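Novice: Protein sequences appear in the order of chains A and B.
Position one of the first sequence corresponds to residue 188 (our numbering), numbered consecutively onward.
Position one of the second sequence corresponds to residue 11 (our numbering), numbered consecutively onward.
No lab work stands behind these hints: they were computed from the structure.
Treat the hints with care, as some may be off.
[Stated by the list, open to error] Simulated restraints, written as ranges between beta carbons of each label pair: (1) A:Ala-247 x B:Leu-295: 33 to 39 Å; (2) B:Pro-233 x A:Asn-474: 54 to 60 Å; (3) B:Gln-214 x A:Asn-235: 50 to 56 Å; (4) B:Glu-286 x A:Glu-422: 44 to 50 Å; (5) A:Tyr-466 x B:Ser-68: 32 to 38 Å; (6) B:Ala-305 x A:Ala-247: 22 to 28 Å; (7) A:Ala-439 x B:Leu-295: 16 to 22 Å.
Keep in mind the model is a prediction, meaning the values are calculated, not measured.
Just so it is clear, CB atoms sit at the ideal spot from N, CA and C, and this is done for glycine as well.
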Amino acid sequence: MTVKLDRLILGANPFEGVSYISRSQSVHYLEYFAKEDNVAAVLEAAYNAGVRAVTCSNTANVMAAFQKFPRTKDLAIYPVIPNAYEYAMEASEKGVLGAVLSKAKGFSMYQKVKLGLRAIAKIKSVLTKDVMDLLLELLNFEMTSFEKLNLGGVILHGQITDLALSSHNPDILSIFQDVIRESYDLEPILATHNFGLLLPQLIEWKIKIPLMAPLNSKGFMMKPSKEECEKLVQEAGYQIIAKKVLAGGRLAPEEAFSYLLDKKVDSVVVGVGSVSEAYHTFAVAKNILKI
Amino acid sequence: MQEQKKIRVAVIGFGKLGILHTAVVNMIPQAELAAIADINKQLSTYVQQSGLRAPFFSDTDQMLAEVKPDAAVICTPAFATLSVAEPCLARDMDLFLEKPLADTFDAAKKLTRLVSGRKIVHGTGYLFAHMSLYKKAKSLLAEGLLGRLYRVRSSMYTSEVFGKKKGWYYDAEKSGGGVVINIASHLLYLLYWYFGPAKSVFAQTRRIHSDVEDGATALLEFPDGLQTVMDVSWSVPGYRLPYTEIHIEGENGTMELTNDYIKLYLYKAHRGYPREWTTIHRIDLPSSSRFEIGAEGLYEEDQDFITCCLERKNPAGTWNDGFEVQRMIEAIYRSAAQKKAISIGEIQ
Chain A
188 MTVKLDRLIL GANPFEGVSY ISRSQSVHYL EYFAKEDNVA AVLEAAYNAG VRAVTCSNTA
248 NVMAAFQKFP RTKDLAIYPV IPNAYEYAME ASEKGVLGAV LSKAKGFSMY QKVKLGLRAI
308 AKIKSVLTKD VMDLLLELLN FEMTSFEKLN LGGVILHGQI TDLALSSHNP DILSIFQDVI
368 RESYDLEPIL ATHNFGLLLP QLIEWKIKIP LMAPLNSKGF MMKPSKEECE KLVQEAGYQI
428 IAKKVLAGGR LAPEEAFSYL LDKKVDSVVV GVGSVSEAYH TFAVAKNILK I
Chain B
11 MQEQKKIRVA VIGFGKLGIL HTAVVNMIPQ AELAAIADIN KQLSTYVQQS GLRAPFFSDT
71 DQMLAEVKPD AAVICTPAFA TLSVAEPCLA RDMDLFLEKP LADTFDAAKK LTRLVSGRKI
131 VHGTGYLFAH MSLYKKAKSL LAEGLLGRLY RVRSSMYTSE VFGKKKGWYY DAEKSGGGVV
191 INIASHLLYL LYWYFGPAKS VFAQTRRIHS DVEDGATALL EFPDGLQTVM DVSWSVPGYR
251 LPYTEIHIEG ENGTMELTND YIKLYLYKAH RGYPREWTTI HRIDLPSSSR FEIGAEGLYE
311 EDQDFITCCL ERKNPAGTWN DGFEVQRMIE AIYRSAAQKK AISIGEIQ
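Here chain A stands alone, though its shape is the one from the complex (with noise of 0.2 Å):
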């Protein structure tokens, strides 16, 4: 089955203060995007540029952007959930499992009550019951976030799904593949940092749904390596999300997009820092990518 997938997506790691070029660069997306407005001013150039669609955790900035820009309606959202940062962040105080139990601790009432007592009762016995069922649970909180807007498609985040390759068991994947489906009726998507390791055991498990993964023509985060993950992407007929195309600020928009042209791609994500460089980036890519 082929899922239809945004061809342009934009990406929110500078939203998020993250960049692989300086620390400069990432204190000043720290400090840029801590205003939603200008969240939503880039949202606008996007959209502008030809952009319907936009993969994002749920961080208070974006989610503030979204309420004032006036076309978020016709955005679809790709949410990867979980926010695997604020976990780990947790993490040093709590503990893992108690940064989780902390996150359920942590829901409303109007929460509590839309996930059912069933849920509140799963997640008091967790630690001598069911980890998976508390896996569902905060798996539907943070879907909670995102109700109110158009998805296009969930997205499993590269933590979550890297360590599910390395644990050798296809159950959280497939577990996050039919709840998707079966209770939102979504398109599951996995994100990973292992692309050339997680393609031939999906595989091998029979588990098809699209991959959001890095490529790029330096090879930046294309493991185990750039030519593995180039057979692969034209080999195997998985729908992909390429990522990391810009090789973390590295390449040009013409030199990347160009890479990509020959490749078995479905959809492009890409984050920008401004709104110039939304209106450019998008235009290169349009234009080579014939969009």
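Given chain A's structure and the hints, the job is docking chain B onto it.
Specialist: This is chain B only, laid out in the frame that chain A set:
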């Protein structure tokens, strides 16, 4: 064809780093995840349901007796490393110990003595030794690109503590201290790796939010009179991840090393690098990692340990190196407490 020998590895301590090391060990072809141990019995459910095929034990001694692993990756809190390592070493197991070696200098000394003169492979978790950019800087310094070194300024900051926090990490009795031992030990490792064992330390530490130090400033002297300033804090806004900077001044020019790049300024062309500016970006350097999770270098670190177990040689970052870092940490804490410079030779 004879099957290649695999090192059977137990992961002891299943917190954040234990989970990451488990994932990495499970992806190394020459390793077999033999067991997972943690005193928290409740984690058994998680281990079983996450699909990991290795058995879970809440009693390390029982695990050692039943599983008889070849090696262990120890990711327990710092106060437990000695008591966990001792029974492993009694079984002649090879050990990788997450940093720091221990919560106290005395415990680190005991650990180092336990492996002294024995044919045990011992590695420690100073991750920077396995990251491509820091390795590149090491090779540039080792080949003498900057000539004689005069002065070093260094810092490590992260945005983590802005109020009182709970947990062993923020309890000096259990972790051994605050930002210096928990975070800046990585920077101290780099300084030791690049410049050798420190000669003396004068330091001040500062508690702001915690019962442990939230910040520290130290003046360290390295061999050949190399002056080094180090400033560290986990209470600075705007650092979503720990960020390290080292500025090195030498007779041929300067080097600025950060998480993201090396920036060289040379007074004249030297060893293939042009006069004035050259920037080497992390992204442009080849990666030797076949799998990545958590951070760059983690796979290389565990792969290096496993390879060394097979080939019976020392990994990058042994317990002896970890002990030298622990000596610097101890000197910083003693100097701050006694309000005077401490000769590293005093720390025995």
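Novice: Decide, hint by hint, whether the structure agrees.
Specialist: Results for each hint:
no.: 1; hint: A:Ala-247 x B:Leu-295: 33 to 39 Å; verdict: holds (35 Å)
no.: 2; hint: B:Pro-233 x A:Asn-474: 54 to 60 Å; verdict: holds (58 Å)
no.: 3; hint: B:Gln-214 x A:Asn-235: 50 to 56 Å; verdict: holds (54 Å)
no.: 4; hint: B:Glu-286 x A:Glu-422: 44 to 50 Å; verdict: holds (46 Å)
no.: 5; hint: A:Tyr-466 x B:Ser-68: 32 to 38 Å; verdict: violated (58 Å)
no.: 6; hint: B:Ala-305 x A:Ala-247: 22 to 28 Å; verdict: holds (26 Å)
no.: 7; hint: A:Ala-439 x B:Leu-295: 16 to 22 Å; verdict: holds (20 Å)
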